[in-house]
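Undergrad: Using the hints provided, position chains B and C relative to the given structure of chain A.
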Amino acid sequence: MNKRAALTVLAVMISAPAVAKTWVLTSAELAVDQGNWKISSDELKIQDSAFSIEQKVLHGGKQEGSKIIVIHSQSGLTITLSPTRGMNLLRVEGFGSRMGWDSPVKEVVNPAFINLESRNGVGWLEGFNEMMVRCGYEWTGHPVTADGQIYTLHGKAGNTPVSRLEVDVADAAPHEIRIRGLIKESTFKKADLQTLTELRYVPGSNSFSLHDVLTNHADYPHDYQIIYHSNFSTPILEEGARFLAPMSGISPFNDYAKAGLKTWQTYAGPTKGFDEMVFNISPLSDANHQTLAAVINKAGDKGAAIQFDTRQLPVLTLWKNTDTLKQGYVTGIEPGTSYAYPVTIEREQKRVKQLQPGASTAFDLTYTLLHSRDQVTGVRNRIEKIQGETKVDEITTPMAKE
Amino acid sequence: MNKRAALTVLAVMISAPAVAKTWVLTSAELAVDQGNWKISSDELKIQDSAFSIEQKVLHGGKQEGSKIIVIHSQSGLTITLSPTRGMNLLRVEGFGSRMGWDSPVKEVVNPAFINLESRNGVGWLEGFNEMMVRCGYEWTGHPVTADGQIYTLHGKAGNTPVSRLEVDVADAAPHEIRIRGLIKESTFKKADLQTLTELRYVPGSNSFSLHDVLTNHADYPHDYQIIYHSNFSTPILEEGARFLAPMSGISPFNDYAKAGLKTWQTYAGPTKGFDEMVFNISPLSDANHQTLAAVINKAGDKGAAIQFDTRQLPVLTLWKNTDTLKQGYVTGIEPGTSYAYPVTIEREQKRVKQLQPGASTAFDLTYTLLHSRDQVTGVRNRIEKIQGETKVDEITTPMAKE
Amino acid sequence: MNKRAALTVLAVMISAPAVAKTWVLTSAELAVDQGNWKISSDELKIQDSAFSIEQKVLHGGKQEGSKIIVIHSQSGLTITLSPTRGMNLLRVEGFGSRMGWDSPVKEVVNPAFINLESRNGVGWLEGFNEMMVRCGYEWTGHPVTADGQIYTLHGKAGNTPVSRLEVDVADAAPHEIRIRGLIKESTFKKADLQTLTELRYVPGSNSFSLHDVLTNHADYPHDYQIIYHSNFSTPILEEGARFLAPMSGISPFNDYAKAGLKTWQTYAGPTKGFDEMVFNISPLSDANHQTLAAVINKAGDKGAAIQFDTRQLPVLTLWKNTDTLKQGYVTGIEPGTSYAYPVTIEREQKRVKQLQPGASTAFDLTYTLLHSRDQVTGVRNRIEKIQGETKVDEITTPMAKE
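Residue numbers (numbering that gives the first Met the number 0), protein chains in the order written: chain A, 0 to 401; chain B, 0 to 401; chain C, 0 to 401.
Among these hints, one or two may not hold up.
Repeated chains share a single entry, so a pair holds when one copy, or any two copies, can fit it.
[What the hints assert, rightly or not] Calculated pairs, DSBU-like style, for lysine-lysine (alpha carbon to alpha carbon, straight line, at most 30 Å): (1) Lys271 <-> Lys352; (2) Lys55 <-> Lys188; (3) Lys349 <-> Lys257; (4) Lys105 <-> Lys55; (5) Lys189 <-> Lys400; (6) Lys297 <-> Lys257.
Simulated from the structure, these hints should not be mistaken for laboratory data.
Bound-form chain A, shown alone (with noise of 0.2 Å):
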């Protein structure tokens, strides 16, 4: 008797009390494991609105067993993610545009794979090319080596497989989906912080939002640093696209982006030699602390927004790689408790938060795809709300060296 398939019939299917059907795709716990599976409103007897939720198990090369879920609705976004890459975002499709880019990485490695203390801590980039990775939650920020270790580029969530995956589907109309999963960074003496990440989406809209839940299950307290690395290139980026968000004052990371401070705002095409300049802000938000930060293109009809709370994520990153499409053209939209540098010095800045023995704490975030000239006035307007009078403040100088 095939074993795999003995296994697929344990896939359990969980009726919650009369608002939604779950699914549980993989649990360590249960002993449940899912592979190629899928779903779709037809089945589920759905009839105002067309979707599906796949599971796929990937092969070849770096990704051997690494899983995708593709979240496919006919009239709105197709939401690809990795449950072997830590719940990581590969790619938002529709609309006629899309949110994430194009990376030399092609394949999406299987963590086995993958060293992350290799090349002197940067082996993240060996799997980098996601839409958006958690960089967290242990630690993230540039490479250091401290207090005898070395804490590696951005952490190691998103190079984490998913402990345990539930796909939900809401019985009423407008069927939201959710999709759950449990990101554990679970070593004796170390640390233990789980995540249980949540995306919500309701077929056919233009956004997507994260629900994510971190636990400190230790009883000690830990630090926790977190920052959501969010992507976007074409159709979006471009010679003449623009950078938004309200904020009291932008300064460069390091010396090199000095030089890019006076046109933070705009962004170059594919350029040889250009490399990154990133830049960090101190973003402003409304009376429920809500901000946004958005890339819009040239003609102001396409975008991406990312709507967060500034009380859990208070800082925001502006990563510009506007260099060739080859080497990945690409800007990341970077909300999260750091800046990227090493956590020896988001230390010494005060920015690492902690969490107490059984404490959570949630970050939410909104993402938008945004499709029309209309949608993006919208944005822009909610922005210079919040900006309000309040005057940007230049800072020429790095607030740190690395």
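TA: Below, chains B and C without anything else, positioned relative to chain A:
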């Protein structure tokens, strides 16, 4: 046609001459690979004993692809071990008690997801949750950088997938079960140490034995070290639990453990801020070179004992990790050739042993789950008898500084 | 329904226009993943030649999940290579002889279980047992820490799973077989070197060719290095076996090899304590830039020869590892762009080559298993002809200190 199903058929059942049936579950050499698999006393037409032996392939998180073997004896012990993790024993349950503990690491981590060199050589902690881990054989102990390389915490055997795995069931009552696994530490120019581990269990019994044979397959002498890192917690470990072992002397591993030297015989309950204290013990043995070490509960009606041969394993480490339950409230009783100091110190102090080309050496240990006052008293009496009139030398100074 | 079975159906058979049939066994891009698979000349209705091509998935130990391809020609060679290990050639057998050797590493180690940076950059040794490993292309040679990172022994290509794997069989006699594998060394910001390797074999023949094309897919020039680390042992290598190659000069790699300079032309039998001696050779070539290097047995009726182009591979390393059989009695004949010094030395001495953006470069080598006195004499004559009147300069001083 299904490939895994086809392979399954290859699982080989060899009838050993008149004494036992043997199943080969894994063989790199013979291309045998059994996935989920089970036999039971019923299927074997055995009527005087009720047991089953099962192999399961695990999924989810970092245990993707890990295998476990569960020996279940209806009136005796349930022993769970992992071929993927060097035949380590995960837990042993029965008689209303257990051997093992609760690590914050819950998954049976596939070594493909562990970088032993990470965190400055303590990547081993990302998978540590076993009742018994073989720490060796190429090296063991705390990490150290020497000879231009890092000797990682507790070596590699415990994170090495088994190259050959066999299950025996004796034809004659009491139908002894043997599980053999071959662990290879073979690296061109560096080592060819191979350990044929064997677990022996008679269904219904409250004890089992290990018989491990380490062979140096190289043409040059090779150093080896081994610590049988055996770990116990509730319901045996508790405030007022006691550690018993015949010894000529005991000393603190480091300055921090000095404070615990006077109370080495008893355990604290779960204690926030305790972290760990380690003690080095020189065991005494009987005329047959056998000795015993045990942890017993406060009431003296539950315990776990390890019998071993001091010619094979001349030293004993006591690890008191009586921190909170969530941190992993646990004590280690660790017979070995070495203490837990880095290999550099163990070399200086002449505890590193050597195997000549082609030579083998065996390690025999018997673990007993004590579940009555009589059994505990029996062990206590044997230990007292070996101790005899010899006074325990409580040495206040650690024998080395790391 | 079984997922692997479903995937199997995806294996694509493409009929190339009128010249060959092509099977795609692996494609990360097309989501093709073939497990165990076989075709034979019988199934293809080929009558003038008897051969089979088989892919097997291996299991057990550290070879869990590794794939091998076996080309078996009834009257010719049996060639075994591993797509999981960078299309490395494991062994080539036939005509009562073989190319290859016996490493203490017996398994076809899945790179998921190897940390190339371990043991101070020589983790590569934990998987080394091949007849031919591609050492490159991002870097090669002995490990060194430079530019703030470790350049691990012999690079990463040989431990990279293939991203695309295709098998061709020519329609017309003599039905040449081609196995193509794409090896990607693609890391954001670091490299996008891709090598399309191709092995070409005519069934019945005693020789095969490699045609590898390395392309720099990045928009910036990139350094590359390659050593075709080709390894031979019994029954060719023995006491009195000879090394043959036309050369202008030879020098010891290091001080230890100085003692062996005068006897570079002959081999010792298995010799305890020999370890290894390495020599740097400047090959001479014919008017077409072709050269040959060979090892032949004492009797002069068995041998292995490699033909290569000195414009592509200008230098040659001779590795004499005539230690005991169990240690891996073996000689390496290693055409390359570089000697085996660390990349830092190779840079200083101007042997590191560079590829412009989008540029490709090819490497062509022909391996022949010599199995008669005539064949050996033929190779010897060709080598003597290329050598001509040129005297071999035996340089006593190593060209660099590591």
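Undergrad: None of the hints should be skipped; say for each whether it holds.
TA: How the hints compare with the structure:
Proximity of Lys271 to Lys352 under the C-alpha cut-off of 30 Å is restricted to the inter-copy arrangement: shortest distance 22 Å between copies versus 38 Å within a copy. Proximity of Lys55 and Lys188 under a CA criterion of 30 Å is satisfied inter-copy only: 29 Å between copies versus 36 Å inside one chain copy. For the homomeric pair Lys349 and Lys257, the shortest alpha-carbon distance inside one copy (24 Å) is at most 30 Å, but the shortest distance between copies (36 Å) is not. In this assembly of identical chains, Lys105 and Lys55 lie within 30 Å of each other by CA distance both inside one copy and across copies; the values are 16 Å within and 26 Å between.
Both within a single protomer and between protomers do Lys189 and Lys400 lie at most 30 Å apart by alpha-carbon distance, with minima of 28 Å and 23 Å respectively. In this assembly of identical chains, the alpha carbons of Lys297 and Lys257 lie at most 30 Å apart only when taken from the same copy (24 Å versus 68 Å across copies).
Violated hints are absent here; each numbered hint is respected by the structure.
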